[in-house]
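All chains should be built: construct the whole structure from the sequences, respecting the hints.
Here the protein sequences line up with chains A and B, keeping their order.
My numbering applies: residue 1297 is where the first sequence begins, and numbers increase by one.
My numbering applies: residue 1297 is where the second sequence begins, and numbers increase by one.
Please note that the accuracy of each hint is not assured.
Computed, partial: chain B to chain A, Cβ under 10 Å [unchecked claim]: (1) Ser1314; (2) Thr1342; (3) Leu1344; (4) Thr1569; (5) His1633; (6) Asp1657; (7) Ala1670; (8) His1711.
Treat the hints as calculated values from the structure; they're not laboratory data.
Note that beta-carbon positions come from the ideal geometry of N, C-alpha and C, so glycine has one too.
The primary structure of each chain is shown beneath.
Protein chains: 2
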Amino acid sequence: MNIQHYMENIGIAARDASRLMASADTKTKNLALKHIAHAILREQATLLAANQKDLDAARISGLDEALLDRLTLTEKAVHTMAEGLHQIANLADPIGEMNHFKYRPSGIQVGQMRVPLGVIGIIYEARPNVTVDAAGLCIKSGNAAILRGGSEAIHCNQALAKLVHEGLLAANLPTAAVQVVETTDRAAVGELITMKKYVDVIVPRGGKGLIERISDEARIPVIKHLDGNCHVYIDDDADFDKALRILENSKTQRLGTCNTAESMLIARGVAPTMLPKLAAMLISHGIEIRGCPETMTLVPEAKHASYEDYYTEYLAAIISCKVVDGLEEAIAHINHHSSQHTESIVTENYTKARQFLREVDSSSVMVNASTRFADGFEYGLGAEIGISTDKLHARGPVGLEGLTSLKYVVLGDGHVRT
Amino acid sequence: MNIQHYMENIGIAARDASRLMASADTKTKNLALKHIAHAILREQATLLAANQKDLDAARISGLDEALLDRLTLTEKAVHTMAEGLHQIANLADPIGEMNHFKYRPSGIQVGQMRVPLGVIGIIYEARPNVTVDAAGLCIKSGNAAILRGGSEAIHCNQALAKLVHEGLLAANLPTAAVQVVETTDRAAVGELITMKKYVDVIVPRGGKGLIERISDEARIPVIKHLDGNCHVYIDDDADFDKALRILENSKTQRLGTCNTAESMLIARGVAPTMLPKLAAMLISHGIEIRGCPETMTLVPEAKHASYEDYYTEYLAAIISCKVVDGLEEAIAHINHHSSQHTESIVTENYTKARQFLREVDSSSVMVNASTRFADGFEYGLGAEIGISTDKLHARGPVGLEGLTSLKYVVLGDGHVRT
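Structure, rendered in C-alpha cells:
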C-alpha cells in the first residue's frame, strides 16, 4: 500500500465531506448522533468481541498494565459512549450562530458567524471511547474528522467506525465525514500532520512524548495539551478548612488526571500553623511530600525537593511543596514552573484573589476551588476533545466551540467604500 | 555577532517584559502611546532624515519603484502614525475584560478573562509605519513585541524604536516591551520564528513569498494572510444598479489591495443583459477582462481566461470573469478557487443571500456590499495588524482582540469536586 496515496485520498474525501457537513442542519446532525448511539448499544457484543481481539494481541505483544487498562472496553464503557452521544446531541448547535451585528458609519452592518474549522485530524492512543467522543463532537460542530487511533485498538476502532458510518448514512450525511485510518503504519501519521491542503487542525491525545513529537513535526496548527503541573497556593489569608478541603480534593481525588495538583505553595506567615496539618492529611492519603528546606523543618516526613521536582507532573502519589514569602513570590514561582494548565489560590483576601486571577498566566485560574474542576463537563461545555495549554485559538477545556471559527458577515444595500 | 545568542537575549527580555505589560493598567498603556505620538511629531525632522538615508541606500542598491514608494516617509505619513497611536489609545482596553460568568450545578462560578498572548514577533518589509502601528497595538493589548523590519528601512525603524522606548520609559513601562531587531542578518528571522520558549505568535506582513517561507519554517503559530483572490457574484436576482456600483468599487477603487475583487461570477440568466454593461464600465476604467467562452461571446473585448487565471490575485488592472449556472455553481467555484479572503453576492433574494453567507468558506462574506469593506477600520476594530485567511484563532481583520486570548476563571468558596 502506498501510504501517501492512501492518506491523500482520505484527505480529499474529508475535504469534500466537510463542505456537506458545514451546511448540514442541526436536526440532521443530531439524527446521526442518536443513530450511532443506538447502533453502539445494539452491537455491544460485537464491540466487546473486537476489543477482546485487541486485548489478546496486546497481551502477546507485552503491553503494560496501565495501557491494557485504558484499552479495555467494558459494558459500562459502551453505555457511557452511547450516553455521551446523546449528550452531544442535546447541546446547542454552535454552527451558524450569528452575533455582534452593528451598523458602521459607512452604512454597512458587520457581525460574525460561527463556522466549522473544516477537517480535524485526531491522533490518539489506546482508549477506544475517543473514537466515538471525537466523532460525535466533530459531527455536531459540522466538521469532518480523520481519526488515527493506536494500532493496539485497531479492531475495536474499526468496529466503531462501521457504526459511525451506519449513523451518518441513516441521516443522509457522507460517511467520509468520519474516517478511521485503517493502516497501523506510522507513516500515516506523518502524512496526516503535513497534509495542509486537506487538514485544518490536528488534535493529538496521549502521552507527552507523542504530543511533543506531533507538534514538532506538524505543518498544520495543533490544539494540544502537554502536561498539567497544577498548583494550589495557600495564602496568608487562607481559611484553613477551605485550604484543607481544596488541597485534599486537588491532590488526592484522582492521582492520574491532568488537573490534579502536583505542587503546593504556602505563605510563610501561615506555614508553621497550617503546613503540619495539611501535610498530615496528605500523608494519611499516602502522598509523599517533597519540599524546600523550610518544608522539611515543619514536616519531618518530607523529602528534599530537587530543582526538577518543581517542574514535574507526577501523575502519582507525590506532591512538591514550597514555602514562599507571599503572593508575589507565589505568582512568580507559578509563572516560571507551571505548565499553564490550572492554578488555584486559597485566600479570603479580595485584592490578592484579584491579583492572582489577573497575573497567573494559565489556562484556568481559580479562587477557593479545587483544580479538579478544570474540565469541559464541569465548565458546562458539555464534552471536551481535550484541554489546551496553548494560548492561540482555544485555551483550557476545548468543547464544540473550540472546533469552530468565526467569519465576518457584512450586510449592505449596495454600499461601496468611499 | 552571534545571532542565536543575540536573538535569545531579545527573547528573554521580551518574555520578562510581557509579564509586566500583562499587568499594566489601561491608563499607563495609554500614557505610553500618547508619549510616543508626541515624540514622533517632535522628531519629525529626525525621522525624515533617517528615512532619507534609507532611501539613498535603497536607490544605490537598485530597489524597484514600488518598494521605494512604500519605503518613503512623508510629513503626512508621520502625522498619520501619530494619529494612529491616539486612535489606539482611545480604543477600549481588551485586557482583563471578564465575561460569561455562570454558576454551575457544582456551585462554582465559571467565566473567562481576556489576556494578552505574551510575545508577538512581527516580520515585515519596507513600510516604516508598521513599526509604529504594531508597537501601538502590542502595547495596548498588553503584549511584548519583537519587530523585525526590512533591512531597507533600518535607519528609520531604529529612529522610531528610540521614540517608542522614550514613550515606554515615560510611562514607567519596560523598554523591552518593544524591541526592534538591529541586525539585518537574515538568520535573525530564522531564530525569531523558532524560539518557541520566548515567542507566542508570529505575524508576517509582506509579499506572498515572504509569508509562505515564514509559515513553512516557523515552529510557532503564525497569524497570516497569504493573498486575496476576492470574488463578486452577480446573481439572477441582482439589482443592476447595485451590481454596477459594487463591482466598480470592488475592482477599481484601488487595484493593489488585498480586498480588491480579482474575479467576477455572473448568473447565466442575467449575463446577456448585464454583462455587456458591466464590462463596459470595467473597460472604461482600463480593466482587462479575462473570461470563459460565454464571457468572450458577450464581451468581444474580453480575452481568454486560462485555468490559472481563476486562482490569480492580479493586484493589477485585470479581472477574471465566468458565467455560471447560478448560486450553487458560484459557491462551488468560490470555495474551490478563492483564497478565503472576501466574497460578495449581489442579490435581492433572501434565501440565496442566506445560503451564500452560510456556505461560502471565506473570512468575510458579504451581501450587496463592496469587497473593499474588508478592513479593520471599516469593521470597527479601530486598527488592524493584518488580515488573517487562516481559520484558527483569528480570521479576517485582526485587531486588538486578535492579539489576546481567553483564560478560564473559576470562583469558589471552598468548593471541591465530588
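Status of the hints after comparison with the structure:
Interface hint at Ser1314 of chain B: satisfied, since its Cβ lies 9 Å from the closest Cβ of chain A, which is below the 10 Å cut-off. Look at Thr1342 of chain B: its Cβ only gets to about 35 Å from chain A, farther than 10 Å, so that hint breaks. Among the interface hints, the one on Leu1344 of chain B is violated; its C-beta lies about 30 Å from the nearest C-beta in chain A, farther than the 10 Å criterion. For Thr1569 of chain B, the shortest C-beta to C-beta distance to chain A is roughly 18 Å, which exceeds 10 Å, and the interface hint is violated.
Against a cut-off of 10 Å between C-beta atoms, the interface hint on His1633 of chain B is violated, since the closest Cβ of chain A lies about 14 Å away. The beta carbon of Asp1657 of chain B is positioned within 10 Å of a beta carbon in chain A (closest approach about 7 Å), and the interface hint is therefore held. At a threshold of 10 Å, the smallest CB-CB gap from Ala1670 of chain B to chain A is about 7 Å, leaving the interface hint in force. At a threshold of 10 Å, the smallest CB-CB gap from His1711 of chain B to chain A is about 5 Å, leaving the interface hint in force.
The structure shown violates the earlier hints numbered 2, 3, 4 and 5.
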